[in-house]
Amino acid sequence: MHIPDGFIAPQMYLPAYGLAAVAWGVAVRRAGGRMADETLPRLAVLTAATFVLMTVMIPLPGGTSIHLSGAALLALIFGLTNTLLAITGVLLLQGLLLGAGGITALPLNALALGLAGPAAGLAVFKLLRSWHEGWAAGAAGWVSINVAAALLALALGVQPLIAHDAAGHPLFFPFGLAIAWPAIQIPHLLVGIGEGVLTATLWQMAKVRGWTV
Amino acid sequence: MNRDTFWLLIYLAAVLAGTLVHDPLWLGAAWLVCLLLAGPQRLRLLRKTLAAIVLFNLTVSVGYLIVASAQHTFAGAYLLLVNLRVGWLTFLAFWLASRVHLPRALAFAPNLARLLTVAYAMTLRLLRLHQDHKLAQRSRTLAPPTLQERIAMSAAGAGHVLDRATHAATEVTQAMRSRGLFEGNQP
Amino acid sequence: MIALDGVTLRHPTLPGAPNDAGVLALDGIDLRVAPKERVVLLGANGCGKSTLLKILDGLLIPGAGDYRFQGEAVTQASLRQRDFSRRFRAQVALLFQHPEAMLFHPTVLEEIAFGPKQLGMEGPEDRARAWAAHMGLSKHLETPPYLLSGGEKQRLALAALLAVEPQLLLLDEPTAHLDPRATGWLVDFLADLDITLVVATHVLSLAPELGSRAIILGEDHRIAFDGPLEAALADLDLLVAANLAHTHRHRHGDSVHRHFHVHDWD
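Residue numbers (our numbering), protein chains in the order written: chain G, 1 to 213; chain Y, 1 to 187; chain S, 1 to 266.
In isolation and in its complexed conformation, chain G is listed as follows (with noise of 0.2 angstroms):
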């Protein structure tokens, strides 16, 4: 999700600074491990599939659409290591490349969106794999979609509370819990059905056409 500058305070922004560069640390620790040299192009045109892949759109009904995240999928074909670095070097493009800025949600982003939600989708991937592997793609997909959207809105809704003048007044996201979480997880709910639709398809493609990298 893009959150544009100025609605996460320091006080969050930092600390998830530290944790994702843990994250980040231990991901190209494993990802130079077992590919060494090779790593560098690999992951440049992983995370440039992963920057177009975010720009497709799933088309929904009522003629809307909503864009990919792909994060399941990529993390089903080429594991979390790999879904990390892609997602961050996405973010990284968008935010400093393209000046779209939202470099203090950058952490959050890529903590959500490129570790958590794609790791709570590959667990239940393997957890129903065996009942029906293309249903296990989709709900890997939608899995992967509203953990990222809770967790984002868990950071979005704690902004009033960990942030606030003497009068009480927010200093950056205005919302708590009770508005933010509804707010931003109904929609996803209903827009993961589509992640997962587009997950199961490309799971099957990918399984037929080999996609390594």
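It should be emphasised that the hints constitute simulated quantities derived from the structure, not laboratory data.
Quick reminder that beta carbons are idealized off the backbone N, C-alpha and C, glycines included.
Errors might be hidden in some of the hints.
[Unchecked claim] Pair ranges (Cβ atoms, derived):
no., chain 1, residue 1, chain 2, residue 2, range
1, S, Val23, G, Lys207, 37 to 43 angstroms
2, Y, Leu58, G, Gln11, 24 to 30 angstroms
3, S, Val23, G, Ala21, 18 to 24 angstroms
4, G, Ala178, S, Ala73, 49 to 55 angstroms
5, G, Ala178, S, Gly22, 43 to 49 angstroms
6, Y, Met1, G, Ala21, 17 to 23 angstroms
Given chain G, work out where chains Y and S should sit, using these hints.
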């Protein structure tokens, strides 16, 4: 440290400052100063800033107006503060992107710089490919497609991107290897 | 059939580029094409051939100027009208340079049958089978398109396009990725088609086989020449100016020299 790294650090410091200061006057003044310093491209940057934040900010602002009024906690100062803060920080990001060459700014982390450079170049290629794919689909679609057809077309487009990317991964790796980027230790 | 007046188009800049004005692709293009004409669109890379074809296919809308197809204006608004859009899309077909961009169905049969089905034609599957046979793809009816070879993909794309019986066929560098045999096949195939044709290419040696009228786009993105193909090919100065002829060191017998020339082959 080169100029680009310097400006990147300044940007990061400014963002931190922008989230530690809670006086709309200071934030507004800072934004004004930046507008002045930005030179002839200031209007273009301003336009991009507003376009980038209008949806989110409007939603939050209107939402706050409604909710806070209902709860009798409305403070106009907050609306001013948050919009100025978000506006200035977003302006800074666009300004940074227009003035700084990111790979050079990241010269202290050459692998990251190289990764982003290759990723960006590849992104442009894949975006063009994907765009062509969408145009081709539009060109061949005679009647408004059903939901199922539209999903299939989106999936086909995404699949095509992954096809090309996974092929390119080998190609790019071979090209870098052939240019000696993998011999010995990297700087 | 086709009428372009003062068509100008700028591509939006790439993300991260310093200015927003856009990259000029076409500048003030005036063009008329009559039914059944066979036009060869020549020009160096980057001069706007693909862009022009996409405009003719209603995929890109010019920033300035008008495009009328069979007398009807082709604009963003008109393409939003279902009736017009349907008619237009059925009558104009564009073969993309990379045929895979055009293929998005799970099997060859479905790919070809898609257009006729959308048009509500009778017996779309039979039609598809007939076209597949015509293109030598009968044994691949159930094959996924991405498993076909480059030449086969192009034949499939052509079949899918022609199955709806368009009146205008646009081809974007169709021989760019073909081997000589496939090229030969394509040239013969196009010669037998009774249709209005606009083929973009920068392979001069093939041009006479593809059409009788040449439109040359210069590097300034304007029309540098519009007339009989033979006249264009005979005018070396014109070809050099349009970056269609080159110079490099070569031998004639014992001497090595350089001069502007175009490669001929029989």
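Outcome of the hint check:
1. Take Val23/S and Lys207/G: their Cβ atoms lie about 40 angstroms apart, and the range 37 to 43 angstroms holds.
2. Separated by about 26 angstroms at the C-beta atoms, Leu58/Y and Gln11/G satisfy the suggested range of 24 to 30 angstroms.
3. Between Val23/S and Ala21/G the CB atoms are about 39 angstroms apart, so this pair departs from the stated range of 18 to 24 angstroms.
4. Taking 49 to 55 angstroms as the suggested C-beta distance range, the pair Ala178/G and Ala73/S conforms, at roughly 54 angstroms.
5. A hinted range of 43 to 49 angstroms for the beta carbons of Ala178/G and Gly22/S is consistent with their spacing of about 47 angstroms.
6. Separated by about 21 angstroms at the C-beta atoms, Met1/Y and Ala21/G satisfy the suggested range of 17 to 23 angstroms.
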